[in-house]
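Q: Letter by letter, the chains look like this.
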Amino acid sequence: MLFRLRIVRRLAARQERDPIVLGGSRRAELRDHQRELHNFQVRLAVCASVVLIVFFLLLVRFFYVQVFQHEYYHTLAENNRISIVPIIPNRGLILDRNGAVLAHNYAAYTLEITPAKAGDLEPLINELATVVDVAPKDRKRFRKLLEEGHDFASLPIRTRLNDVEVAKFAANKFRFPGVDIRARLFRHYPNSDVASHVVGYIGRLTQSDLDKLDDNGLAANYTGSDYMGKVGLEGRYEADLHGTTGFEEVETDANGRAVRTLRSTLPVSGNNLLLSLDARLQEVAERVFGDRRGALVAIEPSTGGVLALVSKPGFDPNLFVDGIDPQNWDALNTSIDHPLNNRALQGVYPPGSTFKPFMAIAALELGKRNPHHAIFDPGYFVLGGAGGHRYRDWKTGGHGMVDMHKSIVISCDTYYYGVAQDLGIDNIHQFIGQFGFGKRTGIDIDGEATGLLPSQEWKVRRFPQNPLQQKWFTGDTISVGIGQGYNLATPLQLAHAVSIIANSGVIFKPHIVRHIQDSQTNKLTSVEVQPVGTMPLRPENIQLVRDAMVDVTRPGGTAAAAGAGAQYKFAGKTGTAQVVAMKQNEKYDERRVLERHRDHALFIAYAPADAPTIALAVLVENGGHGSSTAAPIARAVMDFYLLGKEPPVKHDRDDESSEDD
Amino acid sequence: MINRLLAFFGRHIDRHLLAAISALLLVGLITLYSATGESVARIGGQFANIVVAFILMWIAANIPPHYLQRFALPVYLFGLLLLIAVALWGERVNGARRWLPVGLTRIQPSELMKVAVPLALAWYFDRYEAVLKLRDFAVAAVMLLVPVLLIAKQPDLGTALIITAAGFYVIFLAGLSWKILVGLMAAGAASLPLLWSVMHDYQRQRILTLLDPNQDPLGAGYHTIQATIALGSGGFFGKGWLNGTQAHLDFLPERSTDFIFAVFSEEFGLFGNLVLVTLFLFVIGRGLFITFNASTLFTRLVAGAITLTFFTYVFVNMGMVSGVLPVVGVPLPLISYGGTSLVSILFAMGILMSIHTHKRLVKS
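Chains as they are written, first to last, in this note's numbering: chain A, 1 to 661; chain B, 1 to 364.
If you are wondering where the hints come from, they were derived from the structure by calculation, not from laboratory data.
Cβ coordinates follow ideal geometry from the N, Cα and C atoms, glycine included.
Please note that a few of the clues may not be correct.
[What the hints assert, rightly or not] Stretches of chain B that chain A covers, calculated by requiring three or more beta carbons in the stretch to come under 8 Å of a beta carbon on chain A:
(1) 231-243
(2) 315-321
[Claimed, not checked] Once the Cα atoms are required to be at most 25 Å apart in a straight line, the calculated SDA-like pairs of lysine to any residue come out as:
(3) Lys173/A <-> Leu161/A
(4) Lys471/A <-> Gly438/A
(5) Lys137/A <-> Leu124/A
(6) Lys523/A <-> Asp316/A
(7) Lys179/B <-> Val50/A
(8) Lys140/A <-> Glu165/A
(9) Lys137/A <-> Pro339/A
(10) Lys179/B <-> Leu37/A
(11) Lys179/B <-> Arg462/A
(12) Lys133/B <-> His33/A
(13) Lys133/B <-> Phe40/A
(14) Lys140/A <-> Phe176/A
(15) Lys133/B <-> Val42/A
(16) Lys137/A <-> Ser302/A
(17) Lys179/B <-> His33/A
(18) Lys133/B <-> Cys47/A
(19) Lys117/A <-> Ile2/B
(20) Lys168/A <-> Asp133/A
(21) Lys133/B <-> Asn39/A
(22) Lys179/B <-> Phe40/A
(23) Lys179/B <-> Asn221/A
(24) Lys179/B <-> Val42/A
Given only the sequences and the hints, what does the whole structure look like? Please build it.
A: See the structure below:
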């Protein structure tokens, strides 16, 4: 310290001495003091100018940013500050004609991971599993969702947490960044597989769903939505069921924490669907089907409302709600029974003898048959005179003398071979087409098959490459006359057609949704129940066919057994469709293959015959004969619908076929 | 009695400077209240800093300039020793070696050098006033570069920059020939690529970020982007006191220290900026006036360096916040929160006042 002070003192002393000590040579270098000062002042002025210029430039910059670009930065600041949080609307309910719930929502907690915030997922999930149960199934589903490329969103690792699990996780939350508990609404189908094909299901939104919504300008309404209807009514009425997404403008800080709500637009719940379907009838129909494969469609003839639409086997739509796990998906998708197919409107089958009443009406209306004219049936029909090709009747030896009434009651093939030949294929196509064969009925579920009612023109279109195959042969017409050959119809088409007979020619479009109930006003919008057309049928002609169909279920008729003891007048027609070859790529299984070679059993019916309130079509795949398997199902369904009679407990799938059809 | 007391305490205080400084400190407290989320504790802390800094300013104002001249070299050498000590034994905080532990507390010698370097250079030029030759400028350059390099190595780029600027102002005002100046600038421009090659990656990143902040909006560009958004969204009249969304929702980083100007500008807009710039200009103008009227070369050089360094603080900080200069850790004088910089700035202001109020004594 002392040392330093001494230095300072010495330096100071030298400084004071210096000017005096300086010799002459240095004096010459002395500058003019005034000039020195002037130089300094010039430099100071330069500095002052620099100061002013720099501040001016800064102010220009401020002006540019704060005035010129104010709008732009204002928007950026608002975007920083305000985040729009979508509020997902409640999905509309689906209720049957009596108000029974077929699809509803319930709130539950899910455990969700936001992969973008979570870091390494595998260890995180392993760690999570120590707090709440995470089944291998959950992991698989999570991986699948991840692969679908949702990594920006939060994905559920567990759904439906119970209160204990919620509490346990909440206490450990700090250990799991990017993992949150959310309350979400879940879709639930309380009847599980009953009416599963009608109600359909919702599933997770996929990228292709979003692209499609984007194309239709609907993507904004799906912000925050994870699900959309995929199949059945859920799919078809998506626009009504989804509702309008609400929005909450939330002020958030830089860490994304919500500070306060600025504004909110409440969501509008989706509208409810009130169906014409009767869930109890549906359940009964499914019950009497047992474990047979097939379909049943019941229609209210006076409106076209579908009362029941069965496709067996069914599936549990609840499996799809959270994103179906691969095991269940494989089970459903690769089953040889194809449970996911809606046989009622996607399955096409030869209508077999159920086609005969329509042939009869065509023959009468087009004047090709006198109802009282009887033919002799030797058990076969010969095409093109003696020595021509023989078409056999199902009954060896024939039915003897057969007029039109009897031809329906006993289902005489020979009679209709002749009718077909006399009508010609184009008359058949044109007239019977009015019953809806060969075209979609327009029911409000997607995926309906067209079926096929052939014509000469169709055959040309069917074989565009080979002119030899394009020619229509009379022989083709003969098979069509008994509902075989190129003829193909869906069970829905059959039910629709028979309800036109039940209505004596008045046509209604089949529909499942009766009313759409506005979620805000509860106002009902009704689906049009006006007839879409009327076939100008002569009353005596339709009456003759209807009478004959009543006698089908009476002693002497092909469905006498099924009609025995009915407390109402019951009109029907049996049918059997030949299964020529296996249609689907099934695994070879001897036991099953034999069963699957059997004929399909069909039955169309309506009741009460004089003032029908229900018309239906039943198809049992490989069921053998219509009278033995299909007709009893129809009878049980009608007994329940008309009389409230519960069906007997169990039907055996191996009913022995009796001699009929 | 009171008048005599006031006269005693106010004898060496420049009232114009004091008024402008007080106004700026008040603006600083108001902005700080908003920037800290209305924290009374932080305001109290800053107020305590102000009181301490004012006392030091008063002391500095009462030290006659020739005492400063006398102690300039020893203080400079002492500071240099401390810097070397920091380089050897300094405490590492956030990866930078800036602090020297002294007993219970720790000191930051680079802060001392902000005042010591210009004083020492001014002393040197005053010492050889009569015979300034190229050699003298070379010696001055060495005196400047040794501490600057030590500080840049810590690394503390902001302080190194400020000291370089302060030293340069002394050398410039001392009369470094224009030829050499232009030559130096040319050489500097030519050596830019070399400089680029020796820079740290993060330093290069800062410069790249300045050119295009959106290159890395959540990383290196975040400060610049958010500050510019705060400024721009303020508009002409600002969002109003305590209403800045960028500040209050945590989008602005370091908003009570280096980026406090963004908070001010967001809430008071271009209009507020004009007022603030006017206040700063007044302080700088007053400093230049004092410089102009200073009686000796030493006081001229010291006053000029202090004033221009103050100006450098202001424009580097405002330029950085408004996105025209790279992000370097330079506070906005008298506004930013923090005791150290406040003390050194007000101490320098005290020296300015001393130079102004002691000149008659020196002259007579």
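Q: Between Lys173/A and Leu161/A, is the straight-line Cα distance small enough, at 25 Å or below?
A: 15 Å, holds
Q: Taking 25 Å as the top limit, are the C-alpha atoms of Lys133/B and Phe40/A close enough?
A: 16 Å, holds
Q: Taking 25 Å as the top limit, are the C-alpha atoms of Lys140/A and Phe176/A close enough?
A: 20 Å, holds
Q: Holds or violated: are the alpha carbons of Lys179/B and Val42/A at most 25 Å from each other?
A: 16 Å, holds
Q: Are Lys140/A and Glu165/A close enough, with their CA atoms no more than 25 Å apart?
A: 20 Å, holds
Q: When you check the alpha-carbon spacing of Lys179/B and Val50/A, does it fall within 25 Å?
A: Within the cut-off at roughly 19 Å; holds.
Q: Hint check: Lys137/A vs Pro339/A, CA-CA at most 25 Å. Holds or violated?
A: Answer holds: Lys137/A to Pro339/A is near 22 Å, not above 25 Å.
Q: Check the hint pairing Lys137/A with Ser302/A against an upper bound of 25 Å on the C-alpha distance.
A: Given that 25 Å is the threshold and the Cα spacing comes to 48 Å, the pair is violated.
Q: Against the 25 Å threshold, does the CA-CA distance of Lys137/A and Leu124/A hold or violate the hint?
A: 17 Å, holds
Q: Between Lys133/B and Val42/A, is the straight-line Cα distance small enough, at 25 Å or below?
A: 20 Å, holds
Q: Compare the distance between the alpha carbons of Lys133/B and His33/A with 25 Å, and conclude whether the hinted pair is satisfied.
A: 16 Å, holds
Q: Please verify whether Lys168/A and Asp133/A have alpha carbons no more than 25 Å apart.
A: 11 Å, holds
Hint compliance for this structure: hints 6, 11, 16, 19 and 23 are not met, and every other hint is.
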